[in-house]
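> Protein chains in written order, with my numbering: chain A, 12 to 168; chain B, 37 to 323; chain C, 923 to 1557.
Since the hints were made in silico from the structure, they are not lab data.
Each hint should be verified, as a subset may be incorrect.
What the hints assert, rightly or not - Output of the computed footprint for chain B on chain C, the stretches with three or more beta carbons under 8 Å from beta carbons of chain B: (1) 1365 to 1374; (2) 1378 to 1384; (3) 1397 to 1404; (4) 1457 to 1468.
What the hints assert, rightly or not - What follows is a list of derived Cβ distance ranges for each label pair: (5) B:Leu47 with A:Ser142: 29 to 37 Å; (6) A:Leu43 with B:Leu55: 26 to 34 Å; (7) C:Glu1526 with B:Ile270: 42 to 50 Å; (8) C:Ser1510 with B:Pro196: 50 to 58 Å; (9) A:Arg78 with C:Ser1510: 46 to 54 Å; (10) C:Ser1510 with A:Asp135: 35 to 43 Å; (11) C:Gln1076 with A:Asn30: 55 to 63 Å; (12) C:Arg1459 with B:His222: 22 to 30 Å; (13) A:Gln154 with B:Leu55: 42 to 50 Å; (14) C:Gly1512 with B:Asn285: 53 to 61 Å; (15) C:Ile1422 with B:His222: 52 to 60 Å.
Just so we're clear, the structure is a prediction, and the values are computed from it rather than from any experiment.
Using N, Cα and C, we set each Cβ at its ideal position, and we do this for glycine too.
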Amino acid sequence: MSSLSRSPWLIHYDASSCNGCDIEVLACLSPLYDVERFGIINTGNPKHADVLVITGGINEQNREVVRNIYDQMPSPKVVVAVGICACTGGVFRECYNVVGGIDRVIPVDVYVPGCAARPESIIDGIVRALSILEEKKAEMEKQGGKGRAGSPVGGGQ
Amino acid sequence: MHMGNALLFILLAPIVGGLVAGIDRKITARMQGRVGPPLLQPFYDVGKLFEKEQILVTPSQNFYITSYLVFIVVSGGLFFAGGDILLVIFAFTLAHIFLVLGAYSSYSPYSFIGAERELIQIIAYEPMIILSAVGMYMVTRSFYVADIMAAEFPLIYYLPGIFIGFLMVLTIKLRKSPFDLSTSHHAHQEIVKGVTTEFSGPMFGLVELAHWYENVFLLGFIYLFFAWNPLIAIGALAIVYFAEIVIDNTFSRVTWQLTLKSSWIIAGFMGLANLGILYYLSAVVPL
Amino acid sequence: MIPLPFLVVFPALVAALLLLVANETWRRLAVWAGAAIIGAASLSLLFITPQSGPLFYPVGYEALTEVMFAVEMAIAVFLIYLGIKHRKYLAIFLILFQAALLVSFETGRASVVHGVVPNLFIDQLSLIMGLIIGIIGSLICIYSLGYMSTYHEQHPTVPDRRRSFFFLVFVFLSAMFGLVFSDYLPWVFFFWEITTLCSFLLIGYSKTDESVNNAFLALNMNILGGIAFAGALIYIMAVSPGGEMLQLHSLIQSSHAIALVPAVLIGFAGITKSALMPFSGWLVGAMVAPTPVSALLHSSTMVKAGVYVIVRFAPVLTGTMEGLIIGLVGGVTFLLASAMAISQSNAKKVLAYSTIANLGLIVACAGVGTYKLVWAAILLIIFHAIAKSLLFLCVGTVEHRIGSRDIEDMTGLIVRMPRISVMMFIGIAGMFLAPFGMLISKWVAIEAFIEAQFGLAFVAILAFGGSLTVLFWSKWMGKIVSVCPVAEKVENGIPTEKWIVLSILTALTVLICLAFPVISAHLIEPFVLSVYGQTTRLSQDNLTIMAMMHFLLMIMPFSMLLYRNDKRIVPAYMGGRPTTPDLTFSGSMGMKQHVSLCNYYFEEVFGEQKLFMVGSALCLGLILLVGTLTAGVAL
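With the sequences and hints as input, model every part of the structure.
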């Protein structure tokens, strides 16, 4: 295990969540779940982050924003869609301005379903994302450069 | 000059600094009722940063950050080699100007405001650091760290006001709340990550590394107050650092106005009053 | 010994020539030749200056003093005429008062038969001043050629009076040489008055209402100093009717009882001339003049005359209450002018306040006047002259290209005018960063003040004021180095002579930092030693370390080459908003928003008006105090 998976810094973006999943994401940081045990820090800055955690689905207002945040993260990076809205669009799927799940805009590596997703499953999703992070790193090194990690590397829950 | 000490500093300071940061995070977590990260977490973090892709806003950032690190190492090395403490302080300021310029160079709103705040922090702490050096000179009659180290009496006995003033600015330098204006170790700041917002990957790793060097240098500065007895000195370092962690966890961030005013007032009153008394005493009874 | 009178007379001859020449080509030739000869002649001073102590050069013409008196009277008449024309009655009153003092002095002087032969002299301090005037002054003259033709293209409403401009500039140099080489105080006073006149006319060059008002402001304040100087002359005549004390060296070496009162009066004149508070207004107002004039006033002439006389009288002032108070005026000025510079966005105004602050520091050193402090003061004069002239000329060049002298408009200058930016960057670094020049002097000053009597107050002033200078310089630097993604390069079209001058000054700024141990050993230390009997220098250790830091700074830019390969350029983080390269994004309701970043100016903390009131009140109080003390001694 390299340092990479021991120090996942994440950025949490609320795409169009009802705040249910957001509260659960924040709950992970609380003393009860204490994700800092795994070295996880909520940085709030894409340029420092390794893991992009998104709650809520994509709509016309935020698709550019999600794209922008993703582009500003240095590779290797993984995306975790938290909650059913982020995975598929959820109950808002048919709304006139909703595009759907996060994977309509950027490649998603781990899907954490639930309405709202429970902290345990969020933590589990992020920890699973770490092995994907390692894979991407290996792939990056194989390609020789530090170019952008291209295709999404499967995985899911 | 003890070049050996400088070399030791260059080699060991990252280890010590990283460990101190790890202990810091562990204690902080315990104070908040959490388990906290592993002790070696800071090393994982920096190790990871060096594994990441290099993204930049402008290539000139590299130059400023590398210079920041280099001059932090120079000032720390000079300090541990026993050099002139004023020159150490000037090199230290030079290093921070490079950090600020690196933040300015990206022309990003967040790092721009971070840079402005970092400058405010610099002017908030610099007078007190210079007054501390002056105080040490007045007691030991030398600006050389080596001579100050060799003093056979406790400096703290003559410089209590200076020491309190120095603790005040130490909070700024360690980037601890309530004075973590320009960038913070805590998650989510109103200006994202302030001065470091636009540094990422290996470059951010260098910033962290520089911060470790800086912390060791600052601890060395506190050591000088107690240098006559290494055991007490190390105990004092532990207490001071613990106090900083307590303050970090019990205060919320203040505005830059309050930061500037409070540190200048403390420097003005505690520092200058202390120096004034020393000045008077040395005129009456030479030390 | 030819160079001394030559340097005083030759620039005046060039000036007279330039007054006659209207043709641009001939003017160009005359200025280049004149500047080159003055520069070379001032360099030749290096070979004639003795290792220690002054070398005197008697001037045979007794009648010169009378001629000078006549010229002074003519100047007074001319100034009164201008005063009436512009209805400046205060100026007229002051000029009349000064003229009356002069007449009474001259009648007193003429009535005694004395065997005093007026001397020119040179020692290391005069040499240093001579080099600054000769090299930097003539570089500024050359720069003016290109600047003034662009200036008149851009300001068609200003009448083209370039003949009198160059005339005045060269007369200015001549007067400065006269001032630093004269040993006979009435002569020093004569040259002093000439610099006042030249600066007055140059500030009012554009003849707009603002420039005329500011010119008269400068005139009033400087005449006030002139009155004090004339008072000093009269006092000297009163205490030593033979007139031998009118010689600078005899006066300085005489007892405190005689020398202190003139020293304080001339010190006051120095305070007005070097624009310390409460007289800082004239130097700030002087920025209405064309930029080379500012460069000249701030770096090599005028204000340096003020600090020069105070440094000269430092041995008299040292250890006295009067000296301490004059030093405090300087200290307060340093602290508050540094703070005021923070609130300014006009580059020339920032430079003006920085000059005032540094002059304050020099006066603080010279007023307290221990041998270490005089060493630091002289070093400050040298470094300040070079870096400040470089900065003014850079700002002038930038102003002509981008049409603004506002620091906010210099955003991304590193992209738009890379070479000028690097030069400006070096100039600014030279003003406040280790291991460059100014910082060395501040460092020594801190060390020296601790040992001086009541030095603690100055140490505190330096600690706080020094950090304030860091703030305003760094945020300026930050503006220059901000790399804005879309910017047009506008560096073309700068005349070659400007490039030559700027490059030489940049090289000097860097070289002087490397070479300063040599300068210190051969010029400053012998002077301090000859005056005080002891001297100081930086320890070899520290010199080595600073040389190392220089070396590091020089190789650091090459580190950029290391990072070429694996980079990905990503725009700045904008809270996730997609932003165009020129930093436009769509805000709420789809409105186009443009990002512009602006420095903090901290108006409510460091506001110009407020601090000026405080500083003026404090300094005026101190000056009144020293006046009272001196009056007590004199009566």
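> Could you work out which of the previously given hints the structure breaks and list their numbers from low to high?
9, 12, 13 and 14
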